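Using the hints, put the two standalone chains together into the complex.
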Amino acid sequence: MSTSTMQDVSRRDFLYVATGAVGAVGTGLALWPFIDQMNPDASVLALASTEFDLAPLQEGQGVTIKWRGKPVFIRYRTQEEIKKAKETPLAELKDPIARNLNLPADAPATDENRVKDAEGKVNEKYLVQIGICTHLGCVPLGEAGDYNGWFCPCHGSHYDTAGRIRFGPAPRNLDIPPFKYISDTKIVIG
Amino acid sequence: MSGHSTYEFKNPLIRWFDSRLPIFSMIKAQAIDFPTPRNLNYWWVFGGIAATMLVVQLVTGIVLVMHYTPHVDLAFDSVEKIMRDVNYGWLLRWLHANGAAFFFLAVYIHIFRGLYYGSYKAPREVLWMIGIVILIVMMATAFMGYVLPWGQMSYWAAVVITNLFSAIPWVGETIVQWLWGGFSVDNPTLQRFFSLHYLLPFVLAALVFLHIWALHVTGNNNPDGIEVKTEQDTLPFHPYYTMKDLYAILVFFLVFLAFVFYSPWYMGHAINFVPADPLVTPAHIVPEWYFLPQYAMLRAVPDKLGGVVVMFASLIVPMFLPWLDRSPVRSLRYRPLTRFFFWLFAIACLVLGIAGAQPAEGAWLWVARIGTLYYFAYFLVILPLMGKLEKPKPVPPSITDAVLSRGGH
Ligand code: HEM
Ligand code: FES
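Each protein sequence line maps, in turn, to chains A and B. Each residue of the first sequence is one higher than the one before, starting from 14 at the first, in this note's numbering. Each residue of the second sequence is one higher than the one before, starting from 42 at the first, in this note's numbering.
Just chain B, same shape as in the assembly (with noise of 0.2 Å):
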């Protein structure tokens, strides 16, 4: 699917620069021409809107860091400076903040789609496994961000989430001094995060690269799961798909907008209002909404190394899943009793954000240990047996068959 176009430009110049360094021939082929399924749903604009917010992010970020000063004593000064004096300082300090909140529901609902549909199974293993590393440092991006303002949230998450190592046997306490430059958190660990909050997003930038490299080579999945067999199961990229994706993102955007401009602190929390201080711990520090699941993970587990274990692997066993899940269709479409699984999955993972924003005691303890048995076991005992349990439903021979057969066109 990939390859030259043999496309000859009419343009002299552009045809000139083209046999020099064929870019023009790169996107006439990869974002124009390129043959996607003709029955992609609405699931599918997930990816291109986690790009935009991406660009969002780096394009906030860097002009925040113009005002932006990294220092204990300077960090959440410059922050209110940023609110009160600078020219739309506010706007863009809100974008930021509540741009990586929506980068992270994008991401989750694109990683969803890819759970429903099967878009990890051969021949896409390495596509969804970089997915996953994307998603990793995101996590970490978005930690050392948090950690800049310099507020109470920010200090103790910073405090908290640097502990995690310690759990290392033997080494921990090494590891932790080393990432905290010294023997508690405070400037040395702030310039480091500040200087990698500004480096991991260009990382990403990097991986998504590699993210879409990939996909171009296999091409995409779809709502049925059956790979293209002729071109009347594709569209062209352009215009099909260019519009249909921006107009996912502008009504996203309109949802994002609204956050920012009439409930721009919805999603935080006050205390972080609050300058750091070493000398006292908020009464109860949650960290921000996408990371309650697995925040929850790791307290559900009485033991401190066992936590840290089991919130990690909840991060790396989906590396896996392309030789976990072993069945040959691909859409839970056709695979109503795993559908059934997956929906458990799903409410398992909101009900564990739920369990993770309340204190780790009572009910709540037992609720967030049930979410996280299940959790694992829908990876490694439901996904390998159903794989081998289930008869699916027939699939159609083609993405168009399954498209007529629905009476569409």
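Same shape as in the complex, but just chain A (with noise of 0.2 Å):
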């Protein structure tokens, strides 16, 4: 009788464990889909690339266009940019990281690394940024700031000739999509 009882709590304490894990569980899982659909869906992933052809760019202009509704700033870079850009030692910048998706993620921001594209071409005369303020998201302005390059008047940041952070509280570099050329005057991006 005793050892019967025994069981019985032993059992009821088993089924009301198990329960109680089965219901905390499936209540946990099917939280995911709720949290799940807030996430970018296909239609969106599937955004295409965009071309851009940059033969029409005169040096020293830059056009803003879109690409996964973001702005890209594309930039024909005057000498003067260029040498500025180059001359800067690694040591002053702010953020020694080139912040290119093209580019293995530690690759160091001198001015070549920030104009490569994904098989390693270099056109220093263009650059390809992703026109938003590492900060906190703005578009900053071109050729303003104490650096010549961008300013962002959200909240202060100063980007040199290469889009990289010199002044304000952006914490990085300005970043480069993925791109590559697929002629000598022609880009696609994504």
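Hints in this document: simulated from the structure, not taken from any laboratory. Please read these numbers as outputs of a predicted model, since none were measured by experiment. A hint or two may mislead.
Ranges of calculated distance between the beta carbons of each label pair, as one might list FRET restraints [as the list claims (entries may be wrong)]:
1) A:GLY39 x B:PHE302: 48 to 58 Å
2) A:LYS99 x B:ILE209: 31 to 41 Å
3) B:PHE153 x A:PRO184: 27 to 37 Å
Pulled from the structure, derived: some chain B residues nowhere near chain A, Cβ distances all over 12 Å [as the list claims (entries may be wrong)]:
4) PHE65
5) PRO111
6) TRP254
7) ALA255
8) ALA289
9) LYS345
Note that beta-carbon positions come from the ideal geometry of N, C-alpha and C, so glycine has one too.
If you want it as structure tokens, here you go:
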């Protein structure tokens, strides 16, 4: 009699714990679809890459195009701008990493690494960058700021002529999107 | 103080209903007979005003939704249509936009009232903490509402504020894309903000219910910070405070409606009448005035993560106030030294607000830094020290004594 009661109790305990555990895990799993539905959906992920023809750009001219809903700065840099960017010692940079999605994550922020495409091609005239301040996401103004590169008016970040952060609250250089030259004057972004 | 009233309703129908669901007893006990300290001053009216403003936001919001379209291609135009075509649409929108600002005004005054009279002290800690949660949920609600008209300021507010989360190490980027539902602020972002902007005010209503429930467990604090001891210390809520609150609400509405009718965009920014453009940031982006102190603190720190941490801390630290201020005396009426630091704190908050509206450079940056330092020092250093060091003035034995000693009746 007493043993069967003991058995009853442990059986009930087991069922109690098992039901509770399944309920808790089940609720946890059921939560996931409700969280994941907020992530970028298939149509957003499928957004095509963008082609851009560099030929019409004049020296010293920059344009802003849209890729994945974000502004992309494409600038035909002047000789002066290139020279200034190249002369800057890496030790003076706030962020010494290239932030070029076409290069390894630790590539140094030399001017050359800032213009390299996915296949290692370099055309130092053309600088292609995501036009979003790495602080809180405003679009910086071109040919502005203490370094005559870009200046973000939102909270005062100054970028140089290679889009590298030099002063202000932004932590990183402007990002270089994945891109490659499909001819000497044509690139595809994405 | 709470509990069932033993009142017998005369109307048999009410008696029949009340014995099955005691709503009428509850109203009688909590809203009519509720014993309320007799010495409450006009700083006590802002709770009722805030609750009224929540109702204003709910009613105007629900009718605005009948005309508003949450889509990046249509949102801006639908708001313009509300302004031009919908009957009284202009009124509804201005009531809602200015209503949000006046809601914050009432709540901020309400909070400073609590700070001055020590309303956060035992036994009202939970009441105080629910209040801070209400403030945070309000801020989220107002932020998402501000995004809905999809003007330039709406769009860039959404960009900057969601990007705050990118400061979180390692997972920041992932979280921001999850918030956006894409790689930038876009249609999915607008639609989820709309959904949450509709939901959160109802969450607020529930929180306000809990807030008032907690209030009715402990009873009101009062300007002398002395607990109610006898019935002599109190007045029934109705008609004494129902009428006083109503009078204050009407005066408050006079000012609120003066803005709605004569200067509806006084606190707004003209650039929000330009449709959102993801490629161009306006030269000077500023939040609405009710977020300026927090915005100043965000920008006061020259480090991205640091700024974000400081800004959120400025909202969380006040939660711990009941345990930071250990003085046995509640009201600053009897704490002259702390009172001095309190007024400095109020000035610091105003100055932070002014600094938040200026470009973050030069002298203003330093003003914001000093203001931020004082803001935190007040909670974390000054109040804990004052609790130990200050010798308060003698506190009267009861509310009645306090009132009579001032020649009141
Ligand atoms: C805590 C309460 C609320 C606050 C603080 C609040 C705040 C705001 C703010 C600041 C705006 C932008 C106003 C503008 O610049 O035009 C806004 C817009 C809007 N809100 Fe609310 N709101 C609240 C409750 C609600 C509710 C309950 C609804 C609907 C059920 C709602 C629906 C809307 C709609 C449709 C808009 C866009 C139209 C417009 O811009 O006027 N709101 N809200
Ligand atoms: S977003 Fe550019 S400096 Fe803050």
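The hints, checked one at a time:
| no. | hint | result |
| --- | --- | --- |
| 1 | A:GLY39 x B:PHE302: 48 to 58 Å | holds, 55 Å |
| 2 | A:LYS99 x B:ILE209: 31 to 41 Å | holds, 35 Å |
| 3 | B:PHE153 x A:PRO184: 27 to 37 Å | holds, 35 Å |
| 4 | PHE65 | holds, 39 Å |
| 5 | PRO111 | holds, 15 Å |
| 6 | TRP254 | holds, 28 Å |
| 7 | ALA255 | holds, 29 Å |
| 8 | ALA289 | holds, 40 Å |
| 9 | LYS345 | violated, 5 Å |
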